[in-house]
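Since the structure of chain A is provided, determine the placement of chain L on it from the hints.
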Amino acid sequence: MQKTYQHQLPDFQSRKPLPGPLRALARIDLILIFLIVLLSGFGLIVLYSAAEQNPSIMIRQSSYLAAAFVVMFILAQIDPRHLQRLATPLFVVGTLLLIAVLLMGFGAKGAQRWLAIPGIPRFQPSELMKLAVPIMVASYLAKRTLPPKLKYLAISLIFIVVPVGLIAKQPDLGTSILIGASGLFVIFLAGVSWKILLVAITAGVASLPGIWFMMRDYQRQRVLTLLDPERDPLGAGWNTIQSKIAIGSGGMEGKGWLNGTQSHLDFLPEGHTDFIIAVLGEELGFLGFLFVMMLYLMIVSRGAYIALTADGMFNRLLAGSITLTFFVYVFVNIGMVSGLLPIVGVPLPLVSQGGTSLITLMAGFGILMSINSHRSLMQQ
Amino acid sequence: MPEYLHLNNPITERRLFNGRMLVSLVLVFLMAAGLIARAVYLQLMQHDTYATLSDENRIRLQPVAPTRGLIYDRNGVLLADNQPSFTLVVVRERARNLDQLLTDLQGIIEISDREIARFQKRRKRSGAFFSSLPLKFKLTDGEMAKLAVNQYRLPGAEVRAELVRNYPLSELTTHVVGYVGRINEREIKKIDPIQYSVTNHIGKTGIENFYEPVLHGKVGHEQVEKDAQGRVLRTLNRVDPVPGNDIHLYLDIELQRIADKALEGRRGAVVAIEIETNGVLAMVSKPSFDGNKFVTGIDSKSYNTLRNSMDIPMFNRAIRGVYPPGSTIKPFIGLAGLDAGVISYRSKVRDPGWYQLEDDERYYRDWKKGGHGRSVNLRKAIIESCDTFFYDLSFKLGIDQMHDYLARFGFGGRNLLDLPGEALGTLPSRSWKKKTIGRSWYHGDTLLAGIGQGYFSATPLQLATATATFANRGMTVQPRLLMTVPGAGWPVLERSRLPDVVIKDPADWDYMFKSMEMVVHSPRGTGRRIGVDSEFRIAGKTGTAQVVGIRQGEEYDAEALEERQRDHALFVGFAPVDAPKIAVAVIVENGEHGSSVAAPIARKLFDGYLLDRGTSSLEPDTTQ
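Heads up: the sequence lines are chains A and L, in that order. Residue numbers for the first sequence follow the numbering used here, beginning at 1 and rising by one. Residue numbers for the second sequence follow the numbering used here, beginning at 1 and rising by one.
Quick caveat, the hints were computed from the structure, so don't treat them as lab data. Where hints are given, some of them may not hold.
For the chain A half of the interface with chain L, some residues (derived, Cβ under 7 Å), not all of them [said to hold, decoys possible]:
#: 1; residue: L258
#: 2; residue: N259
#: 3; residue: T261
#: 4; residue: L287
#: 5; residue: M293
#: 6; residue: M294
#: 7; residue: M298
#: 8; residue: Y305
#: 9; residue: L308
#: 10; residue: R316
#: 11; residue: S338
Quick reminder that beta carbons are idealized off the backbone N, C-alpha and C, glycines included.
In isolation and in its complexed conformation, chain A is listed as follows (with noise of 0.2 Å):
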């Protein structure tokens, strides 16, 4: 500790302070930066084909990614610590919006996801708390010794239940994973004893039986598809089954870009959507895919290592949930499309269309870049 404390002391004295443009730009992490404008630019390019090169969706897209970019540049501006204040207020509003949306939200396909609010553009209450609820377990355990007592658990756990709860009654059984994946990070980087891990653990699998009576016929289904996709081919199987016929149909170098016939002949639903990944590996193959993963990882590894060397534990706890929640996406939605996980909403990060998932996963980005850029003020 003192090695690094006299190292980096007379590194912040031989530096001028910068301007005021220029050190909000400072705080922007290069490396992250240009590993998601990577990402996100190869992503465009097979959107523009899984899309049918449809100019439209294109422009939505790329507008959806400025937008993403500008909330990621506002958000590494502002300093952790208000976060940390802010945790609260954010996650007693944002869960009375989800109550508000089981009222009177809106939506398709059978459920309400959407709010209207007079005044401001529509939105979805559970994108807010996909940030709120790590802010606030994250705010919560770190005011606390860790690893923190069964009590503090017990209450970080009701944070984190009552809006995956409200979330999946909706229901959107993908954001509430993610939701209860960012909370439960939280708790397991907080240090909880790998005792009362186990136990929960297999108290979860226990409970597997109940939440299966609990679970909605249609997801009941994609559970069995997942099991045995030919037990409904041209019904609920039919995803998984294209999906997988056109990823492994791309073999090692695909078949090309704009030249998969599963996507373009209709085979594979929701390709620009969900299903991206499935049009990646069928025109770019396994070197397509292999690139797009070693993108995530970096990244990954890049956010861990914000968390890593942050400063204060609520740093370190909500850098490390962002961080790892964005691989669940990544794994969730992977996981669906070649077939090893039942297929739940959970778009590919960066690469899929969507706009208001991609502005909050920029917003967890800029959360992560305002933690790296805000770590030595505390020490200046």
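Chain L only, in chain A's frame:
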């Protein structure tokens, strides 16, 4: 523990966090490795499998139906062709809501509940994905316009054009040409599933049925790229179907029309055979029906009307109707008597109007009360159709010889080369009676058979065939319908035919020809009515066959009998006598008199065939 002792220990907490973070990272990399392993499995190890599946997904081998061969008469008159017909089909997978779609369609055009029910039946049977199931056939222009206007709100409903068999002459040719109909489940088991993969119709009766393999053609196929909805995007490769062969029949539609018209309003049949070629010139069975109705499925009401009609219009009397041949059999028996040596030209019989066997008190009556006179020889017996002479001759000939001679002319057997469903009739014999009736043969049976009554029955076709063979001086005629299959080395079908009828003294033919000629061309002949103004010499024999047996001692009273119990009128004949070209058999059910009802019909056919009809009537009638 007191509250103030709760001091954070940044170093242990950080170590704890770092440990957890590292564990997480290890897990992340393991899971990422899992995903990559999955990609390796799908993309590298199972690549061939999935590449094949992908191609199977998009490339379909789509069969292309061949066009059915056309059927013409001998002069090129079209008897069966294919006409575009528009069918409303439904692809259930493309419909948002099938029941709603059906309701919507019913609101736009008329679709009966029966059509809906049939559609539902087809729907349950068909398991194929994205197959189009017919809902309504033969759309009118108006219906098509209504559907086109509403197309946008009817996803799943489409109008398909298909070629549908059409019989321009309808009732005139149905019994010969037959008709095609939708392939039923029994037929599906018999046909080649590949050749018939896109064929909906198959020959059900007549020529359509018999020459199905010639008419059908060979299925073609094309490799097409399809999208998930089954829409064809482009054709990658195509092997054209081979259209079915056209068929020309010996049938002369002008003669057919003459016969049809002559039988108008009656029940009966006419068969005319061209002796030189063995070709069937005309084959009419009345009443007839319209085969077109069966092509796309007849509605049950019309079908029941046809089926339950007392006139049985769907029954082809010409080849399936079995009638007692009556006196038309006499020339054959007479020839047999001469050849067997039981009578000679000079043999005479006294005819009091009845015949009696020894030890049998039963009277075998002649049709003519009072008889044909003191001395009746064979010629006179033929000319005047004397029953008594033939009772005597039959008795002398015996049933065994009678059976053998008649069998050589084709009675009791199959004759026609190329139509399905020919009936055999009954040529009775001792063994036949023993087997079917269980009694032994009596002399009385022989007498009745000798005048074409009793157990004896034959089809109009058998009578025409026997007459043709007779006119051909014993050289067997095997009637046939197929004349040529142009452009195809289609081997003319042959079936073993009966051996020629060889008699000891060919002069017997001349004697019989002359006798039959005198039936028509002598003042006492039963058929004299048609010989009076004939431009050529006709040989013939009239016949009257009892429908119900007249009991002993009862008088025959035509008026008292119901119309359907009246005698059948028959006539067989050929012309011209010196070089026979055409042989004809006519049966008019309940027509009573062969001479006045059946013979004139034959005369019309002789005229139609032998006289120059002028170009106007020979002109192929293709406009219909």
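Should the hint that T261 of chain A touches chain L count as held when the rule is a Cβ pair under 7 Å?
-> Status holds, d = 5 Å.
Holds or violated: is there a CB of chain L closer than 7 Å to the CB of L287 of chain A?
-> violated, 9 Å
Quick one, is the R316 of chain A hint okay against chain L at 7 Å, beta carbons?
-> holds, 5 Å
Interface hint outcome for L308 of chain A [beta carbon to chain L under 7 Å] | The hint holds - L308 of chain A has a Cβ within 7 Å of chain L, the shortest such distance being about 6 Å.
Are L258 of chain A and chain L close enough, Cβ to Cβ, to be under 7 Å, as the hint says?
-> violated, 15 Å
Going by Cβ atoms only, is M298 of chain A closer than 7 Å to chain L?
-> violated, 11 Å
Given hint Y305 of chain A near chain L, where the shortest CB pair must fall under 7 Å = Hint violated; Y305 of chain A Cβ to chain L Cβ min 10 Å, cut 7 Å.
Chain L contact restraint for N259 of chain A - C-beta distance below 7 Å | violated, 12 Å
Minimum Cβ distance from S338 of chain A to chain L below 7 Å?
-> holds, 5 Å
Hint validity - M293 of chain A Cβ closer than 7 Å to any chain L Cβ | holds, 6 Å
At a threshold of 7 Å, is the proposed contact between M294 of chain A and chain L supported by beta-carbon distances?
-> violated, 9 Å
In summary, the numbered hints that this structure violates are 1, 2, 4, 6, 7, 8.
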